Structure formats: C-alpha cells, structure tokens
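Peer 1: Sequences listed follow chains H and V, in order. Here this note's numbering is used: position 586 in the first sequence is 586, and no number is missing along the way. To convert, count from 1 in the second sequence and add 762; that's this note's numbering.
Everything labelled a hint here was simulated from the structure, so no lab data went into it. Some hints could be false.
Using 25 Å as the maximum straight-line C-alpha spacing, the simulated BS3-like pairs for lysine-lysine come out as follows [what the hints assert, rightly or not]:
#, chain 1, residue 1, chain 2, residue 2
1, H, K276, H, K110
2, V, K872, V, K831
3, H, K682, H, K123
4, H, K112, H, K288
5, V, K872, H, K440
6, V, K906, H, K6
7, H, K20, H, K123
8, V, K872, H, K20
9, H, K708, H, K165
10, V, K831, H, K165
11, H, K137, H, K161
From chain V, some residues computed to sit far from chain H (all C-beta separations above 12 Å) [unchecked claim]:
#, residue
12, L807
13, V844
14, G853
15, H875
Just a sample of chain H residues kept apart from chain V, beta carbon distances all over 12 Å, derived [claimed, not checked]:
#, residue
16, R238
17, T630
18, D754
As the structure is a prediction and not an experimental result, all values here were calculated from the model. The beta carbon of each residue, even a glycine, is placed where N, CA and C say it ideally should be.
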Amino acid sequence: MRQIGKGIKKIDSSAIVEGKALYTLDLTDQKALIVKVLRSPHASAKIIAIDKSRALSVPGIVGIYTYEDVPQHRFTLAGQSYPEPSPYDRLILENRVRFVGDSVAIIAAKTKKAAQKAMRMIKVEYEVLEPLLDPKKSLDHEILVHDEEDIHFNLPQEVQKYNAKRNLLGQIDEHFGEDVDEVLASLPHVVEGAYETQAAQQCMMETFRSYSYLDMQGRLVVISSTQVPFHIKRQLARALQISTSRIRVIKPRVGGGFGAKQTSVTEIYCAFVTLKTGLPALCMYDRKESFASGNTRHAMSMRVRMGADEEGLIRAIKIDALSDQGAYGEHCWTTLGLVGEKTLPLYNKTKASAFHGKVVYTNKELAGAYRGYGATQGCFAVESLVDDLASVLQLDPVEFRQRNIVKEGEKTASYGKRILSCKLEECIIKGKEMIGWDEKFPCKDMGDGRIRSVGMAITMQGSGIAHIDMSTVNIKLNEGGDYTLFMSPTDVGTGADTILLQMAAEELNTDMDHIITVIADTDLTPYDPGSYASSGTYVTGNAVIHACRDIKHKILEKAAALRDVPVENLELHNEEIIDKVSGEKIELRMISEALSAGPEGETLFGFGSFGSKTSPPPFMAGFVEIELNTWTGKVDLIDFVAVVDCGTIINENLATVQVEGGIAQGIGYALYEDVKFSEKGKLMSNSFMQYKIPTRQDVGTIRVAFEKSFEPSGPFGAKSIGEIVINTPAPAIGNAIFHATGKRFTSLPITPEDVLLALHEG
Amino acid sequence: MQIELIINEEQHRIEIDPDALLIDVIRQCGYTGTKRGCDTTNCGLCTVWIDGLPMLSCSFLAVRAQGKKITTIEGVQEEAAVFGSFLASEGGEQCGFCSPGFIMNVLALKRDHSDASEEEINRYLVGNLCRCTGYQSQLRAIRKYLEA
Numbered sequence: 001m002r003q004i005g006k007g008i009k010k011i012d013s014s015a016i017v018e019g020k021a022l023y024t025l026d027l028t029d030q031k032a033l034i035v036k037v038l039r040s041p042h043a044s045a046k047i048i049a050i051d052k053s054r055a056l057s058v059p060g061i062v063g064i065y066t067y068e069d070v071p072q073h074r075f076t077l078a079g080q081s082y083p084e085p086s087p088y089d090r091l092i093l094e095n096r097v098r099f100v101g102d103s104v105a106i107i108a109a110k111t112k113k114a115a116q117k118a119m120r121m122i123k124v125e126y127e128v129l130e131p132l133l134d135p136k137k138s139l140d141h142e143i144l145v146h147d148e149e150d151i152h153f154n155l156p157q158e159v160q161k162y163n164a165k166r167n168l169l170g171q172i173d174e175h176f177g178e179d180v181d182e183v184l185a186s187l188p189h190v191v192e193g194a195y196e197t198q199a200a201q202q203c204m205m206e207t208f209r210s211y212s213y214l215d216m217q218g219r220l221v222v223i224s225s226t227q228v229p230f231h232i233k234r235q236l237a238r239a240l241q242i243s244t245s246r247i248r249v250i251k252p253r254v255g256g257g258f259g260a261k262q263t264s265v266t267e268i269y270c271a272f273v274t275l276k277t278g279l280p281a282l283c284m285y286d287r288k289e290s291f292a293s294g295n296t297r298h299a300m301s302m303r304v305r306m307g308a309d310e311e312g313l314i315r316a317i318k319i320d321a322l323s324d325q326g327a328y329g330e331h332c333w334t335t336l337g338l339v340g341e342k343t344l345p346l347y348n349k350t351k352a353s354a355f356h357g358k359v360v361y362t363n364k365e366l367a368g369a370y371r372g373y374g375a376t377q378g379c380f381a382v383e384s385l386v387d388d389l390a391s392v393l394q395l396d397p398v399e400f401r402q403r404n405i406v407k408e409g410e411k412t413a414s415y416g417k418r419i420l421s422c423k424l425e426e427c428i429i430k431g432k433e434m435i436g437w438d439e440k441f442p443c444k445d446m447g448d449g450r451i452r453s454v455g456m457a458i459t460m461q462g463s464g465i466a467h468i469d470m471s472t473v474n475i476k477l478n479e480g481g482d483y484t485l486f487m488s489p490t491d492v493g494t495g496a497d498t499i500l501l502q503m504a505a506e507e508l509n510t511d512m513d514h515i516i517t518v519i520a521d522t523d524l525t526p527y528d529p530g531s532y533a534s535s536g537t538y539v540t541g542n543a544v545i546h547a548c549r550d551i552k553h554k555i556l557e558k559a560a561a562l563r564d565v566p567v568e569n570l571e572l573h574n575e576e577i578i579d580k581v582s583g584e585k586i587e588l589r590m591i592s593e594a595l596s597a598g599p600e601g602e603t604l605f606g607f608g609s610f611g612s613k614t615s616p617p618p619f620m621a622g623f624v625e626i627e628l629n630t631w632t633g634k635v636d637l638i639d640f641v642a643v644v645d646c647g648t649i650i651n652e653n654l655a656t657v658q659v660e661g662g663i664a665q666g667i668g669y670a671l672y673e674d675v676k677f678s679e680k681g682k683l684m685s686n687s688f689m690q691y692k693i694p695t696r697q698d699v700g701t702i703r704v705a706f707e708k709s710f711e712p713s714g715p716f717g718a719k720s721i722g723e724i725v726i727n728t729p730a731p732a733i734g735n736a737i738f739h740a741t742g743k744r745f746t747s748l749p750i751t752p753e754d755v756l757l758a759l760h761e762g
Numbered sequence: 763m764q765i766e767l768i769i770n771e772e773q774h775r776i777e778i779d780p781d782a783l784l785i786d787v788i789r790q791c792g793y794t795g796t797k798r799g800c801d802t803t804n805c806g807l808c809t810v811w812i813d814g815l816p817m818l819s820c821s822f823l824a825v826r827a828q829g830k831k832i833t834t835i836e837g838v839q840e841e842a843a844v845f846g847s848f849l850a851s852e853g854g855e856q857c858g859f860c861s862p863g864f865i866m867n868v869l870a871l872k873r874d875h876s877d878a879s880e881e882e883i884n885r886y887l888v889g890n891l892c893r894c895t896g897y898q899s900q901l902r903a904i905r906k907y908l909e910a
C-alpha cells in the first residue's frame, strides 16, 4: 500500500496553518449587505402586528422583511436525503413564534450598526402564549407547539407514527426475540435505571454563516459553512419557491461542524435577501445567536431494564426513551432510533430485547444532529446499567461485558445486523491492559479525600445510513496524464478530502499530487448528501474506488486498442502502462495526449456510485481513570484510553485525532456542558462563560490505540470513526465515579455539586 | 475618526468608528487570518501580538492600538509554516479555525518560554480553545517544536 495507513498531512494543511483566506467570511465581499434576524423574546407567541416604519428610516437600511413578505410553503432545514423523515413545519418567517430566539424579522443593511439600530426600532406586538417546556408533559398536552394545518410529514403515518395534534413527531416500537417482559420476569438478576441526558451544543469554533450573491446569469450562489450543500440547494428551492437550477451552493473550508451544520441555519436568510435585493448578502451568527438559535443534541429521558441469568449472560434488555425535539422537527425521529439501534446489538446473548421511543415538541430551541446522534444518549444509559448489573452479579465489569458482547461473524439478535468485521473483544483486552485495570479496579484511596478509580464503557456506531446514503464520484484523465477528482464530501476539518484522495491515489497506483481535486460545489461536483452519519470514509470512499476502477479500465482499454494487445496484459503503474507479457511500457501521458486531439479525441471519465444496504459498525472500548475529591466533589481526568476498531485505517494521524477530539468532547458532555433554559424558556447558557467546553487543562491524557479489523464491504477494509468516539466518556466516567463512591449518577452532566450532595446523603 | 496602525510592519491610515474593535479593523485591512470565535474573550481565536505581546483583538479597541505594532498570522508566515508543519504532521490543525490565534500564542511561548514543561504549556495556552482535537495532537506538536 502506497497511501493507505500512512500518516499523510492534510492537503489543505499549509493554507490552514498560515491563516490563508479560506473560510466563508474570508471569501465574502466586504460590501455585502449585513443580514440580521430579529428574535422572539417569548417561547410561544402570536405576532399581532409589526411596525417597521421607524426602523426603515435608519440610514443604511436596505430592507426589513416580515412574515408577510415570505413564501408560504413549509419546509425542513434538516440536512437529510429526500424524502426527509423530518416534518415540513417551518416558514422563513411566520406570524407565530415557538421558542425564545425564533425568527421574527429579517433586516438587511449596509452596515452591522445600521442593522442593529433598526432591530431595536422594530415594534412587534405579541400575543404571548403559555409555552410548553417540559417534554414529559408534551404528549397530548392542550398546548400545541404546531397547530398549523399545513404541517407536512413525508413518511407514511404508519411508519413514523407522528401526530402533530398530540405534539408527537414520531414513535418507534421495536422488539426482537421473545417477549421481553416475560423474559425479564423469568430472570434471577434484573436491574433498572432511569437516565436523563441533557441538551448539548456542538460548539464548532466557526459559528453559523453563509454568503450569497447573484452570478452573471442571475443565479443564486450561496457560499456556506455547511455539511450539506446539496440538501441546502433543495431546501432553498422549496423555501424560496425557485427552481433548483437557479441555485448553486459551494462549501469552502469549514471551521467545524459536529452535526450542527447538518441542519442549515443561516442560508435561507441571506439567500432571501439576495433574491429580494439582487445584492450580495452575509448572514453570520455571533456566538450567542449560534447558541440560542442553532440546534442542540436531543435531551432525552431513558428508562432501561436489563436482566441476566445465573451464568452472567444478559438475556433481556428493554429501553424506553423520550426525546425532546424543541420547537421544530429537524432530525426528530432518526436520532431517536439510534438510541436502541446502536446499543442493543452490542450484547448478543439476549433472548429478548425491545426499544420503545417517542419524540415530542416543546417550545425550546430545536434539537438537531450532533456527533453520536442518539447513540451517545443510549450509550450512557445502557453502559451505566450494564455496570450496575455486573455489580449485582459481583462480576468484574470488563469480564462481564466480554461474556456478552457481539463477535465477528455473528448476526445480532437485536436488529439482525450481520457483523462481518469486529474486534471489540480485542479492543476491550487492549484497553484494559493500557489503563492498568487489574491494578486499579475498583479504586484506590490516595489520602486527603482523594480517590482514584477506573471505569469503562463500550459502544458501536454505523458507517453511513443503510439504504439511504449514496455518493457519486467522477474522475477525469486530463490531457497531461494527471487526473481531476470530482467529489462532494464535506470536509469540516476532519481530513475527509485528504483520505479520499489517498484512496484515489492508491487505487490508481499514483501519487496524490497527480490528482487535482474539485470538491463540494453543486454546480461542478456530483451528488453526495454530505459528510454526516459517519459516511465520508465508507460511502464516499467506496464511490471513489468505483470511479477510479472505471477510469483505470477505460485507460487500459484505450491503451490496448492503441497497441493492439489484449487489455488483460496491461497494468497501470505510476504514470505508466506496463505490458506484463512483453514488458513494454507506455507513458500515460502518451495516451492522454493522443486522446486530446483529432477525430479520435475523447476525454476519459471514470464514474462511481455507491450506496450500501448495510452500515457496518465500528466498535470501541473507552477506559478512564479519574481522581475524585470527596471534599469538593470535583472529578479530575487522569487518563483516558480509547481503543477503536474502525476497520482498516486510511490515515493513522487523522484517525487518531478524530478519536482524541471526540473523547474530549465526550468528557465535556459528561462533566461540564449543560444547555440550561429559564422557567420561561430562555436559553441561559448562551456563551462560553456559562456553557463550559473543556480546555486543555480539563481533559487529562487521552491515549488512543486501534484494533484493526477488515470490513469486506469497506474501502480497503475501512469503517467509520467520526462519531463513535464521543459515546464512551459519559458512561465510563459515571462508572468510575460509581466505583469510587458507590453512588450511581443517572443524569448528565455530573457536576461537583451533584457528587458532593450525593456523598453527603451518606 | 482616523487612526494609524502598523500592521505587520506596514503603515495603515484608516477611518474607523470610535468603538471599532481591533479584530474588525485588522480584517478590514485584509488580514483575514485572524478569526472571531466568541463574544466573551473565552476562545483565543482572535489572538494577535500588540507590541509583541499576545492580546485578544476582539476586546481591544482599535483606537487604543494607535501607533502600536500589530502582528497577525500574516506577519509571521515563516514561523507559522515551521510550527504548522509539526502541527499538521500530527493531524492537529483539523478545521483550522482556531489555528491562527493558537499559533500566535505558540510562537510567543517558544520565544518567551522555550523550556516550558507540559504543565506550563497547558497553562500558557489554556485560553486557546479547540473543539476538534482534544488538544493532545497540539501538545505533541508543541513539544516537538520546542525541542527543534
């Protein structure tokens, strides 16, 4: 392998570290109109009247738009393949606001100051309504978050089981094997737990932003910090009621996404202004707006029951989940599904398992996609309870898991997944050794009120969305014998562009610098839904391989015809075609030059599409050592060991950093980060002062190792890595605290106050 | 009002509002490497040097920089490339949005505390947030850079 597995630098690294103009704002015309959105101060209200006359007189104001000015076709901003399983429940502006921070008016001005001044001068008369804030009261509540008649769901009612008149966005009822309640009743050891996971913010360093203008043909061009350019094109066409052929979306370098940018946020506002005025427009959220009017992880309440037999085998697991969607339905039903789908199959000795879930509206900032996407919440609940069950059985929690986990070659009892690649057990064994489990479990008193302890958790995710994700990649042989790769992954910093180029170079047996890349521009590059759902390596990667094989075949056919030899004799190596029989070599450039002139001329294109019927799961084990201070309740991270099976590793460095970054984000979710709303539904945690993401002093040492399996359906045997890595910190840390104190914390984040209070309860 | 700034050794005479922040003025002058990540002086993305000292340009009034020497990432391209190469070799630049501010602080660390211990490195750079990397690759790169 020339490229695969190497720690190659990202192809954009020099430009990034030298601070070149690469991001949306850097590419924005300084004269672009500034677009600001007036926000609702109420969690639920009707707009009776808006008086914008005074605001319009502010010098520099170009336009102020309200609900009367926008098209009346509801849409979703969820970046999902059509038909989206998220309801069309929003308008660009509406005479109804559903959360604090919902949009009321769009202001377009020549300067930010003018926009801000005008914003203060718009008079809005609201009929303030009682908000519905508690998801546990939402179902069948008399307050309806969406009472409009034209709300639209794409999927059949019997599939998604929604009912907006009940505040219900979707329901899932899945059961596998025997009757789960009967099996639970028959088991000698049954444990139960109720878990609360908080909403959380992705906190990518680059806040939401997009820039739009009209090109020379009057077409709308949107440069956006997004993960989903093709979905945005479709959304804009519907929201603005214009043809998709009038829209081009370009993704430049993006300053992080983590799923936040799988929902479009700012695009509709600047695009609307550009269409209204014909002028370039920039809509950029500040950090406070990004916090308050972006999207969060779904807060969930989960109840899990689990039972084991006398041999220590988990025979039944039942999960009930309630997911808080907030005010609009982006990613409602699909996130819910992953709570069960990415937890239950891990334990494969079950006779019965079941997942029941509901997702409901509330009058709060909407939830959307966030790395892990439901699996993270489910992992906290299930992995906490597995530890409890081990404790009841008086078994070492590591060994208990080893007895019960899924193995390579098995079909999972839950969800019927065929597991063709799995080194989960090896991950557990290696992680246990690296953390020093046998010497450290359960805990050690360090004196002065300090206790050191260890905890662990396991998890799985997917690689793309089975039956839904697909990607197309094209590659062109250029006249000079080099190639151009056209593809639409949405590298938001992960290195997707680089690893896909590595795959192309490997497949074509050439160097990476012989391949030009054209990436993620809806006018120029083929369809790909975007990099989310851990799809970049697996789905787009397979499409890259198909495209490269196609062009290789076409090149060799041309060469064979030119030399009048059988195509089977020929092989592409570096920039040469070698006749294996005669030993003769032809420069690839000779072929490409010959094809670029005269009546026989032709440009060779390789085409590759890939969509999968399966979503092969990566697996991992996370082990943590903490130091808990019983005097203060503070939990310090000492060491986190993450051992991952993501199949073949395409780029060792980039894979390692994916793991380290995900673990740190998971540590934040476990201990620090909390989205808090006031009693009236106002977001209280709207800056880094209140919403604490980990600094470099908060994460301890993170160590990463890989146990490589080979996924037969993956590109070069690879599976995904992007999402799985955020799942284990919360349960592993919770389990370590349990081992240190005997106290089980069932809601996140686990703060020093929580720990101290629990310790004082005795 | 009009002020004079020396940005990366180049003289700029600029018309600004009295309340203009340095970050916005720098960017208006074309130095777009400097980024804004928050509004509350928590993230460190906007770090530049003012008379050689790392400062947050998001909370520095442009008018206060009158006559001062401002250095942005564009003014330290060679050093940024040297450290950047260590960083990229670890895969530690990731999305890169925090890189310019972070690198300005790392270069100052090398200049002023080239023998910094791991703990001192983490303390010095604690105001530079990063959401992608979990900081480990950055630390590996810094240690190699300080040793180089």
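Peer 1: Could you check the structure against the hints above and give me the numbers of any it violates, in ascending order?
Peer 2: Violated: hints 5, 7, 9, 10, 12, 13, 14.
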